[in-house]
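Participant: Following the UniProt record's numbering, the numbering of the sequence shown begins with 1 at its first residue and continues without gaps.
Be careful, since some hints might not be right.
[As the list claims (entries may be wrong)] Restraint-style ranges between C-beta atoms, simulated for each label pair:
1. Ala8 - Val101: 13 to 23 Å
2. Gln85 - Gly28: 49 to 59 Å
3. Ser119 - Arg24: 32 to 42 Å
Since the hints were made in silico from the structure, they are not lab data.
Heads up, the beta-carbon is just placed ideally off N, CA and C, and yes, glycines get one too.
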Amino acid sequence: MIGANQVAMMPVFDLIETQLARKRLIAGFPSRLLVRTIITVAIGAIAVTLPFFGTILNFIGGVAACAVIFWIPPLIWVILKRGKQRHLAFNMFLVVAWIIVGLLACIGALRDVIVIASSYHFFS
């Protein structure tokens, strides 16, 4: 889990570190380590504060991960290759099927967030 967090957060770390380096606020390994530690601790604090943090991540995964992993690659293949008609039909079927699955995942996760948030009280 810790390794997956580092892989998923790498673009965020890179963006923040680049912006801070342009403003000459950080330079070198110790300051980069400090920035990454602060971001990781902040995310951990948010995760501990919100018991439905995992459900929010499910919603984000339904939107982003489903698109990037499942339906954009067949769509790109269709645009670039324009193969045989049966391949085109199969890939378009995959695109439509995964869009539906992604929408259902988003709806289910959003429902869970609403159900949990309606009965949740901070620090109770």
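Participant: Taking the hints in turn, state whether each one holds.
Facilitator: Against the structure, the hints come out as follows:
A hinted range of 13 to 23 Å holds for the C-beta pair Ala8 and Val101, which are about 21 Å apart. About 57 Å separates the C-beta atoms of Gln85 and Gly28, a value consistent with the hinted range of 49 to 59 Å. A beta carbon spacing of about 48 Å between Ser119 and Arg24 contradicts the range 32 to 42 Å that was offered as a hint.
Checked against the numbered hints listed earlier, the structure breaks hint 3 alone; every other hint is satisfied.
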